[in-house]
Amino acid sequence: MIQIKNLVKRYNDVAVVDIPELSINKGETIGLVGNNGAGKTTLFRLMLDLIRTDEGEVRSKEENVAENDHWKRYTASFLDEGFLIDYLSPEEYFYFIGSLHGLNRAHIDEELEKYDDFFNGEILGRKKYIRDLSKGNQCKVGVVATLLQNPEVLLLDEPFANIDPSTQIRLKSLIKGIGSEKHITTIVSSHDLNHVTEVSERIILMEKGKIIKDIKTGNNTLSELEEYFSVMQ
Amino acid sequence: MNRAFLQHQWLAFWRSKNTGKSIAVSIVLGLTLLYFFANLLILSFFLDKILEKVIPERDAIDSFNGLLLYYFLADLLVRFQFQELPTLRVKPYLALPVGKNKIISYLSLTSLWTGFSLSPFLLTVPFLLKVLVFDGEFVAFCGLVIAIAGLTLLNHFFSLWLKRKINMNAWFMVAFLVSLAAIALADFYLDSVSLQAVSRRIFGSILERPYLAAVPVLLATAMFYMHQKFLKSNLYLDELYKERTGAKSTTDIPFLKNFGMAGELAALEVKLIIRNKRPKSTVITSLFFMFYGLIFYTNREPSPSLMIVAGLMMTGIFIIQYGQFMFSWQSAHFDGIMANNISAEDFFKSKFLLFTVFSSITFLLTMPYVYFGWEILFAHAMLYLWNIGVSSLIVLTFANWNFKYIDLSKGSSFNWEGVGASQFIIGIPLFILPMMLYLLMKLASDSMTALALLGFIGAFFLLTRAYWLNKLLKIFKSKRYAIAEGFRNH
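If you read the protein sequences in the order shown, they are chains A and B.
If you count by our numbering, then the first sequence holds residues 345 to 577, one letter each, in order.
If you count by our numbering, then the second sequence holds residues 6 to 495, one letter each, in order.
No wet-lab data here; the hints were simulated from the structure.
All values derive from a computational prediction rather than experimental measurement.
Careful: at least some of the hints might be erroneous.
Unchecked claim - Below, computed lysine-lysine pairings styled on PhoX-like, alpha-carbon distance capped at 25 Å:
(1) Lys484/B - Lys472/A
(2) Lys471/A - Lys354/B
(3) Lys479/A - Lys354/B
(4) Lys105/B - Lys234/B
(5) Lys349/A - Lys484/B
(6) Lys105/B - Lys471/A
(7) Lys405/A - Lys415/B
(8) Lys471/A - Lys282/B
(9) Lys526/A - Lys479/A
(10) Lys354/B - Lys234/B
(11) Lys479/A - Lys282/B
(12) Lys282/B - Lys472/A
(13) Lys479/A - Lys405/A
(14) Lys105/B - Lys349/A
(15) Lys516/A - Lys349/A
(16) Lys484/B - Lys471/A
(17) Lys415/B - Lys472/A
To be verified - Derived Cβ-Cβ restraints for the label pairs, each shown as a range:
(18) Ile279/B - Gly465/A: 53 to 61 Å
(19) Ala505/A - Phe87/B: 34 to 42 Å
(20) Asp536/A - Thr119/B: 43 to 51 Å
(21) Ala450/A - Ile480/B: 34 to 42 Å
(22) Glu551/A - Lys484/B: 30 to 38 Å
(23) Ile480/B - Ala505/A: 35 to 43 Å
Stated by the list, open to error - Which residues of chain B face chain A? A few of them, derived with a C-beta cut under 7 Å, are:
(24) Asn263
(25) Gly265
(26) Ala267
(27) Glu274
(28) Leu277
(29) Arg280
(30) His338
(31) Gly341
(32) Met343
(33) Ser348
(34) Glu350
(35) Ser483
(36) Tyr486
Positions of the beta carbon are idealized from the N, C-alpha and C atoms, including for glycine.
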């Protein structure tokens, strides 16, 4: 589904992402972990063609993402609040995102019903603009907006960071669900090793821009990761 | 402590990511201010001659006293419009062991660092030196200057206090504006009160008995403490930064739905304008330019070159005022626009659509000027074509070199955020180019033909827009990373 070849991004001559080879298969759920500054967000941005690569390329369905826009049709992403249009109400934002994929309002309304639990009554019909929501609720809006697009590829950067424990649990089951039922290729980054090992089939560990571990999730994965991060200290 | 605060603000200025470019802006701003101050000084120096000429039946100092109160009322109104609340970011200090009083006095004292504090003195001291000190009335001079200082401070703290009050309760604004209007009405229309007489009495008695200057100083001190007290009891995050979360408005523009994705994006941008402070005030100020014609066309026989300036401004004001900051308006969610399923082509088409819609509105609004001659309507029509054909293209080309973030929630007056070199250069093609073309074509024919040719060129660019759009897309393809990067690093 996604191939990365010789991908290098430098800031001030320091390579913040340096990945010679990475291949992600269709339907895989991948957890991306690493300490701050490991290059996770930069990697996401490179995959979304938001920053220019210095060397190499990211290919999605065999097409270089920097060369044409075809990937935008089947790729949904939420990296930070910069993806939200904050002067819209959540409903308006969902309708807008839906319209980008030719989905009408009735369809979106129907889809939104599935997320009633997830929203916990704090998002819809509150007569608030997104900018007036708390960070956690903004994150909910961003995550649901990605799922509404029926994507084939889904990129989420630290979706667990600002949300409350109940929502974290619901989000985990959402992500696990879409992985097993819809076969969406999902990449989720997180600092919470528990969450990330729980939802993903494969863990990619980054350090200083390089991938230093790429493992299938098994019984020992969590302890293996914990060991790595405690040595780091 | 004050020193630490000062140092932090100093660092905040120099370490802000925009510093490199904003130094150039600051220099231009500084020069403009110097120019204004020089004007005030010169005006003040010749004030006695001017007053004697305008009001020959009175002494210069007497007329001056009569006008002083009007000046301070006007000063209050201008401050109310433009004076910014002092913005040391107090948030990080509130939880630290720093006395509230210290934070507050710092906020109050640094707020004095503004041109408004200086201009009353520039405007009066040279004049007073000339008419009083040279006549040997040094004590009277001191009294009057102290009174002016007192009133300046009174105005200063009153407007700060009022602005903060208004932030919490908009009725204060209504009360303030209504009382000002009532005073003006009583004075100018009903002749029941004469502020001039009041003013002459106040300042006349200060001249005679300089110790009375203590009164405005006392008033200012009282106002200072009132503001101080207000700040102290409201220095809580949720109150100081209270954001109005009023009910959301539903703004659908069915007309734009006819234009597919581009229309959808244009409708989104209309919402952006309506729901955010800075773009909203930018667009509202633009509407005031519709009265430009009243200044230009009423006084004299409208010449064609006047019509060009007025027509360019009036039919293109949205393109000029709003367009010069493209795409900074969307800087906060530019990443979202780039990563979502929005093609660059639709993105640009929506901008053209927006420009066309707004220019058409302003063109319709300026139609009544036909009263001053049908040539005016013709000129406006031609310049309307020029604006939607050429000006919109120029603005969108420049937008590719605009990397500056804009915070939509701040007001637009005296707000230099997002202003860079491109906003200074853009005036050249926007204004000088059509003027030069017009003058050149006028040499070869007459003024009406030259105007018609300008409109023709506009129409030509309009018809060949697909070609130019393609060129724009090529530029954007290579520039988009830099634009997104700039918006991210604010």
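Status of the hints after comparison with the structure:
Only pairs whose Cα atoms come within 25 Å are accepted, and Lys484/B paired with Lys472/A is rejected, the gap being roughly 35 Å. Between Lys471/A and Lys354/B the alpha-carbon distance is near 31 Å, which puts this suggested pair outside the 25 Å criterion. Of the pairs offered as hints, the one joining Lys479/A and Lys354/B is violated, with about 33 Å between alpha carbons and a cut-off of 25 Å exceeded. For a cut-off of 25 Å, the pair hint linking Lys105/B to Lys234/B stands: about 11 Å separates their Cα positions.
At most 25 Å may separate the alpha-carbon atoms for a hinted pair to count; Lys349/A and Lys484/B meet this at roughly 24 Å. Proposed proximity of Lys105/B and Lys471/A is contradicted: the alpha carbons are some 36 Å apart, above 25 Å. Under the criterion of a C-alpha separation no larger than 25 Å, the hint pairing Lys405/A with Lys415/B is inconsistent with the structure, at around 43 Å. Under the criterion of a C-alpha separation no larger than 25 Å, the hint pairing Lys471/A with Lys282/B is consistent with the structure, at around 19 Å.
For a cut-off of 25 Å, the pair hint linking Lys526/A to Lys479/A is broken: about 28 Å separates their Cα positions. In summary, the hint linking Lys354/B to Lys234/B is not supported, as the alpha carbons are separated by about 53 Å, beyond the 25 Å threshold. Of the supplied pair hints, the one linking Lys479/A and Lys282/B holds, its CA atoms being roughly 22 Å apart against a limit of 25 Å. For the suggested pair Lys282/B and Lys472/A, the alpha carbons sit about 17 Å apart, so the restraint of at most 25 Å is met.
Annotation: proposed proximity of Lys479/A to Lys405/A is violated, straight-line Cα distance about 34 Å (limit 25 Å). Proximity of Lys105/B to Lys349/A is assessed by CA-CA distance (about 57 Å); at most 25 Å being required, the pair is judged violated. As the CA atoms of Lys516/A and Lys349/A are separated by approximately 30 Å, the hinted pair breaks the 25 Å bound. Proposed proximity of Lys484/B and Lys471/A is contradicted: the alpha carbons are some 37 Å apart, above 25 Å.
Distance check on the hinted pair: Lys415/B and Lys472/A sit about 19 Å apart at the alpha-carbon level, within 25 Å; holds. Between Ile279/B and Gly465/A the Cβ separation comes to about 28 Å, which falls outside the hinted range of 53 to 61 Å. At roughly 41 Å, the beta-carbon separation of Ala505/A and Phe87/B lies within the given 34 to 42 Å, and the hint holds. A hinted range of 43 to 51 Å holds for the C-beta pair Asp536/A and Thr119/B, which are about 49 Å apart.
Roughly 39 Å separates the CB atoms of Ala450/A and Ile480/B, a value that falls within the hinted 34 to 42 Å. Here the CB-CB span from Glu551/A to Lys484/B is close to 33 Å, well matched to the stated 30 to 38 Å. Look at Ile480/B against Ala505/A: about 37 Å separates their beta carbons, and that is inside 35 to 43 Å. For the restraint placing Asn263/B at the interface with chain A, the shortest Cβ-Cβ distance is roughly 14 Å, beyond the 7 Å limit, so the hint is violated.
Residue-level restraint check for Gly265/B is violated (minimum Cβ-Cβ distance to chain A is 10 Å; threshold 7 Å). Using the Cβ-Cβ criterion of 7 Å, the hint placing Ala267/B at the interface with chain A is not satisfied: the shortest such distance is roughly 12 Å. About 10 Å separates the beta-carbon of Glu274/B from the nearest beta-carbon of chain A, more than 7 Å, and the hint is not met. At its closest, the beta carbon of Leu277/B sits 6 Å from a beta carbon of chain A; the interface hint therefore holds under the 7 Å criterion.
For Arg280/B, the interface hint holds, the least distance from its beta-carbon to any beta-carbon of chain A being 4 Å, beneath 7 Å. With a cut of 7 Å, the hint placing His338/B at the interface with chain A holds, because the nearest CB-to-CB distance is about 5 Å. Using the Cβ-Cβ criterion of 7 Å, the hint placing Gly341/B at the interface with chain A is satisfied: the shortest such distance is roughly 4 Å. With a cut of 7 Å, the hint placing Met343/B at the interface with chain A holds, because the nearest CB-to-CB distance is about 6 Å.
Evaluation of the Ser348/B hint against chain A yields a held restraint, the C-beta minimum of about 6 Å falling below 7 Å. Because the smallest distance between the Cβ of Glu350/B and any Cβ of chain A comes to about 10 Å, over 7 Å, the interface hint for this residue is violated. Of the supplied interface hints, the one on Ser483/B is violated, with its beta-carbon coming no nearer than about 9 Å to a beta-carbon of chain A, more than 7 Å. A cut of 7 Å between beta carbons decides the hint on Tyr486/B: the least distance to chain A is about 4 Å, and the hint holds.
Figure legend: structure checked against the earlier numbered hints; hints not met, in rising order: 1, 2, 3, 6, 7, 9, 10, 13, 14, 15, 16, 18, 24, 25, 26, 27, 34, 35.
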